[in-house]
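Student: Sequence:
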Amino acid sequence: MEEPTQKTYNFEHLGDVERPRTELTHLGIDGAEPARVVRLDRGLPLVVSASGTYRAEPSNALVKRMKTDALARVAVGDWVALTHPDGHDSARIEAILPRTSAFTRKDPGENTTEQVILANVDVVFVVTALGEEPVNLARLERKLVLAFESGARPIIVLTKSDRCDDCDAEVERVRAIAGEVPVIATSTVTGAGIDELRTMINPQVTAAMIGSSGVGKSTLINALAGTEQQATAEVRETDDKGRHTTVAREIVALPCGGILIDTPGMRAVALWHADRGLAMTYPEITEATAHCKFGNCTHESEPGCGVKAALEAGDIDVERYARYAKLCEELADVAHKREEKRRRSGAKR
Numbered sequence: 068m069e070e071p072t073q074k075t076y077n078f079e080h081l082g083d084v085e086r087p088r089t090e091l092t093h094l095g096i097d098g099a100e101p102a103r104v105v106r107l108d109r110g111l112p113l114v115v116s117a118s119g120t121y122r123a124e125p126s127n128a129l130v131k132r133m134k135t136d137a138l139a140r141v142a143v144g145d146w147v148a149l150t151h152p153d154g155h156d157s158a159r160i161e162a163i164l165p166r167t168s169a170f171t172r173k174d175p176g177e178n179t180t181e182q183v184i185l186a187n188v189d190v191v192f193v194v195t196a197l198g199e200e201p202v203n204l205a206r207l208e209r210k211l212v213l214a215f216e217s218g219a220r221p222i223i224v225l226t227k228s229d230r231c232d233d234c235d236a237e238v239e240r241v242r243a244i245a246g247e248v249p250v251i252a253t254s255t256v257t258g259a260g261i262d263e264l265r266t267m268i269n270p271q272v273t274a275a276m277i278g279s280s281g282v283g284k285s286t287l288i289n290a291l292a293g294t295e296q297q298a299t300a301e302v303r304e305t306d307d308k309g310r311h312t313t314v315a316r317e318i319v320a321l322p323c324g325g326i327l328i329d330t331p332g333m334r335a336v337a338l339w340h341a342d343r344g345l346a347m348t349y350p351e352i353t354e355a356t357a358h359c360k361f362g363n364c365t366h367e368s369e370p371g372c373g374v375k376a377a378l379e380a381g382d383i384d385v386e387r388y389a390r391y392a393k394l395c396e397e398l399a400d401v402a403h404k405r406e407e408k409r410r411r412s413g414a415k416r
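Numbered per my numbering, the sequence shown spans residues 68 to 416.
These aren't lab readings, by the way, just hints derived from the structure by calculation.
The reader is advised that the hints may include incorrect statements.
[Unchecked claim] Straight-line C-alpha distance at most 30 Å; calculated DSS-like pairs for lysine-lysine:
hint, residue 1, residue 2
1, Lys360, Lys393
2, Lys375, Lys393
3, Lys408, Lys134
4, Lys375, Lys360
5, Lys131, Lys404
[Said to hold, decoys possible] Derived DEER-like restraints, expressed as beta-carbon distance ranges:
hint, residue 1, residue 2, range
6, Thr92, Val130, 17 to 27 Å
7, Glu386, Arg86, 41 to 51 Å
8, Met133, Arg343, 22 to 32 Å
9, Thr266, Ile96, 30 to 40 Å
10, Met133, Phe361, 38 to 48 Å
11, Arg88, Thr257, 39 to 49 Å
12, Glu79, Leu138, 26 to 36 Å
13, Pro270, Ser368, 48 to 58 Å
Every residue gets a Cβ at the ideal spot worked out from N, C-alpha and C, and that includes glycine.
Please model the complete structure; the sequences and the hints are all you need to start from.
Tutor: Below you can see the structure in the form of structure tokens.
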């Protein structure tokens with residue numbers, strides 16, 4: 068396994084630093100300075116401010132909020148109010164500044180808890196690998212829903228194009244479900260697509276990469292950075308897939324002036340809220356729904372159903388609709404569990 072170079076951070080190059088400075092003035096916290104969370108691992112969050120790089124602990128007030136509000140937990144990409152109390156070994160996070168975007172999912176370890184994965188991301192690269200097996204469209208659409216719901220701009224990145232026998236056909240297959248989302252085929256071996264990706268990460272832009280383990284996110288980041296920023300491993304000979312190497316969410320500064328957030332491979336991407344994400348990932352279904360006779364149409368047996376009419380006319384792909392319906396069922400189940408939890412909490416009070 069190749070080891071990454073030691074990362075150094077310049078606060079002025081961590082995005083639009085003027086916005087958090089302005090936000091901080093409204094909070095009125097004595098001695099606080101804006102900082103950005105650049106890494107989350109098993110220790111305290113690593114944050115960078117104009118005064119330096121620190122391991123920072125949440126304040127008592129923030130810890131109290133975290134017990135009842137999952138959104139009060141810091142995420143990589145967060146801008147925070149940082150203080151340096153006398154007599155404390157660590158810096159202290161007093162508050163999380165307002166987020167411009169947030170990637171959230173249902174916490175894999177909890178039934179009814181939301182988890183913030185990333186914050187304040189402008190562009191998200193939804194990464195999947197090309198190869199002998201076709202791209203899993205259901206998994207890709209699920210991640211597109213997550214990306215759209217966050218408020219960031221999604222771009223589909225297909226890695227390892229040099230390993231695909233019919234790359235053009237597979238790219239067109241993905242474009243068929245991508246709508247207006249750009250699709251870029253890349254290879255760190257041939258260099259295909261790398262320069263095109265660089266043009267999408269301008270100075271002060273925060274980009275992030277999400278995808279399953281082994282799709283080549285860390286290798287791609289190294290290619291964009293021009294140095295070994297992230298640890299990588301060779302693919303396994305048994306199944307031609309990469310081994311999982313990223314163990315923490317962290318920011319990587321790029322020579323272009325923008326930054327990238329690398330994330331560990333997502334084994335579970337359970338959705339939490341996704342009305343916007345569903346509408347933007349499946350626009351043809353959303354449009355057909357507007358023609359339903361009844362507002363609460365389930366698209367099953369009701370008369371005057373716009374979705375059924377579109378399916379019969381071939382305007383909506385049957386398999387794509389089945390994937391959409393499955394996500395809707397999952398979200399309805401999560402919403403039901405949230406409501407049950409709210410009722411139980413109300414009864415206890």
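Student: Against each hint, give a clear statement of whether it holds in the structure.
Tutor: Verification of the supplied hints:
1. At roughly 23 Å between alpha-carbon atoms, Lys360 and Lys393 fall within 30 Å of each other, so this suggested pair holds.
2. Of the supplied pair hints, the one linking Lys375 and Lys393 holds, its CA atoms being roughly 16 Å apart against a limit of 30 Å.
3. In summary, the hint linking Lys408 to Lys134 is supported, as the alpha carbons are separated by about 15 Å, within the 30 Å threshold.
4. Between Lys375 and Lys360 the alpha-carbon distance is near 11 Å, which keeps this suggested pair within the 30 Å criterion.
5. Of the pairs offered as hints, the one joining Lys131 and Lys404 holds, with about 24 Å between alpha carbons and a cut-off of 30 Å not exceeded.
6. The supplied range of 17 to 27 Å is met by Thr92 and Val130, whose beta-carbon atoms lie about 25 Å from each other.
7. Hint check: Glu386 to Arg86, Cβ distance near 43 Å, so the stated range 41 to 51 Å holds.
8. About 26 Å separates the C-beta atoms of Met133 and Arg343, a value consistent with the hinted range of 22 to 32 Å.
9. Our hint of 30 to 40 Å for Thr266 and Ile96 holds, since their Cβ atoms are close to 39 Å apart.
10. Hint check: Met133 to Phe361, Cβ distance near 42 Å, so the stated range 38 to 48 Å holds.
11. For Arg88 paired with Thr257, a C-beta distance near 43 Å keeps the hint of 39 to 49 Å intact.
12. Separated by about 28 Å at the C-beta atoms, Glu79 and Leu138 satisfy the suggested range of 26 to 36 Å.
13. With their beta carbons about 55 Å apart, Pro270 and Ser368 fall inside the hinted range of 48 to 58 Å.
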